[in-house]
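*Asks:* These are the residues of each chain, in order.
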Amino acid sequence: MESLGSVILGFQISLQPVNIAYCFIGVLIGTLIGVLPGIGPVGAMAILLPTTFHLSPISSLIMLAGIYYGSMYGGSTTSILVNIPGEAASVVTCLDGYQMARQGKAGRALGISAFGSFIAGTVSVVMLMAFAYPLSRAALRFGPPEYFSLVVLGLILVSYLSHSSFIKSMIMATLGLVLSFCGLDMVSGQVRFTCNVDELLEGVGIAPLVMGLFGIGEILYNLEDTSGRSIFKTHVKGILPSLKDWADSAGPISRGTVLGFLLGILPGGGAILASFVSYVVEKRVSRHPETFGEGAIQGVAGPEAANNAASSGAFIPLLTLGLPSNVVMAVLYSGLLIHGLTPGPLLLKEHPDVFWGIITSMYVGNVMLLILNLPLIGLWIRLLSVPFRLLFPLIIMFCLIGVYSVNNSVVDIGLMILFGVFGYIARKGDFECAPLVLAFVLGPMLEQAMRQSLMMSNGSFAIFLLRPISGVCLAMGLCLLIISIVSHRKRRAC
Amino acid sequence: MRHLDGVICGFLIVFSVVICWASGRLGIGTFQKPGPGFLPFLCSSILALLAIVMLIRDFATLRYEKGRKVFFSKGSFRRQLLVVAALVCYSLLLRIVGFLITSSLLIAILLLAFDWDLKRWWRYLIFGSLVSSACFLLFSKWLQVQLPVGTFG
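Which chain is which? The protein sequence lines are A and B, in order. So the first sequence is numbered by this note's numbering: it starts at 1 and just counts up by one. So the second sequence is numbered by this note's numbering: it starts at 1001 and just counts up by one.
If you are wondering where the hints come from, they were derived from the structure by calculation, not from laboratory data. For each residue, glycine too, the CB sits at the ideal point set by N, CA and C. Watch out, some of these pointers could steer you wrong.
If you anchor each label on the Cβ, the simulated ranges turn out as follows [unchecked claim]: (1) D1117/B to H54/A: 37 to 45 Å; (2) N196/A to W1142/B: 33 to 41 Å; (3) L374/A to A1060/B: 49 to 57 Å.
Model the full assembly from the supplied sequences, consistent with the hints where possible.
*Replies:* Okay, structure coming up:
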């Protein structure tokens, strides 16, 4: 009964006209970001983060969250029509979605993608409601050693699951931790690693870091190939799936929803991993696996459902434990902190309106996305023909204004450029930037937890091993390290 | 050898050594009472170790790799260098010249970097002026973001 009351409270907040408006703005921008290559949801959220300072915490978070799951919807449009994923999680949709478009079934592919995403998004919001409450209560028992070990495990897991090599991801994660120490030390008040730059007293900002790595870095990468892209010339008709399409897609959507939700909870999991795993699973269970890659509707329905479900699942560790599981959640985590809210188990207790307002707004957002995506497919297609050479100066302008508006400081712009160059070089060297951002956001929490734990144990590191949850987390982290080393040696031996 | 990996590792090792040194100066403290340099020292040590391991691993696989992988092409490098240089100049001139003029020039240069067609410079300037004016109206007037007007403002 208490949960039902909380859900009703949530809907009372999310259905307020101002929050509906911001939810709409968020999902519209998210879909746009997903459709247009050049900037992803992380960069867009970072650009819009400063503009949310004047808004209420709930409205700003509803909008930012809308950008995230909205981009999942939009990314599938370019995957199907252009064979270029608008968003990383839609890479897999290219495999069969584009083939369906070539066979004149673009409408059905887009339709099943939108409906599958809607069903998965809705069901996963219900699962989020079911899991969040008990998990928040359990998390109240976590102390500093548990948080330290969870963060360590999370960073190791993010590194393990990333596309680049394990050691490269660990390097990036460690670098992110080092960057997070810049600024005033909270305990001693000493200034650390600021190079006598006053603007760095509060540390490196999340906006210059993220916009540099994912905005400027992405632009520099796209400048390598300035040739235009062509949209497959097909008339998109019949966007409503047929009964056969529904029959073929029901299983993949169901499996994708559950799989995506569970993988979204894992640090480093998220929408990208969920869509890949769903594709592999569908190919394995299919009676006709040879059709995958040739336009199988299951290859679109499953991954699209999975990536949307994962975007809801990712909210669980953020809202209940206060641990962002991927780089998008890390930006949302920063957004919560900026508004004076500490994500974690106490968020549900002290700010139930924020907690339930965000969760129920995701359901509202999913309805809006279904309404937006199907009738407006023609508009999204026209947007795809906007030349990239006109888009990228706009993206850079938005990045510059977004960064400058935080502190009115040109030092932030300089930092953004520096991180942009670094992000580009890192990408060329196959170093993934997501572990860096995640570690950067979690660094202060890690340091505080470690210091408190050592004070509690009078300097003994055994506290991390003797407490059951902490010990299990560290043991799992050690297992992942060993698995990674063993598998690397096996590959070299081959 | 993957020269880029080697360069990145070298940079990271130097960076880690500097951070370790600076952390030592801040004070590492004791296990009972960790100082402000404790975790930075630990993390930068781990970073140096990982970078060294990667460097050794790359040297070890050197003999298996034939040919040199090209990471940066001349044509795109020219464009990227122009973009970065334009951004650096933008950050230096923004407060002095003001948002409208610097942004118009920046957008014009960015379009040039993409097209690389000097004959169309006037089109780039017009587009740059329109976009910067639109951004000024959107962010400064509507979203109340403070954008610098410069010395001439």
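*Asks:* Next step is simple, just say for each hint if it's right about the structure.
*Replies:* Hint check:
| no. | hint | in the structure |
| --- | --- | --- |
| 1 | D1117/B to H54/A: 37 to 45 Å | holds, 42 Å |
| 2 | N196/A to W1142/B: 33 to 41 Å | holds, 37 Å |
| 3 | L374/A to A1060/B: 49 to 57 Å | holds, 55 Å |
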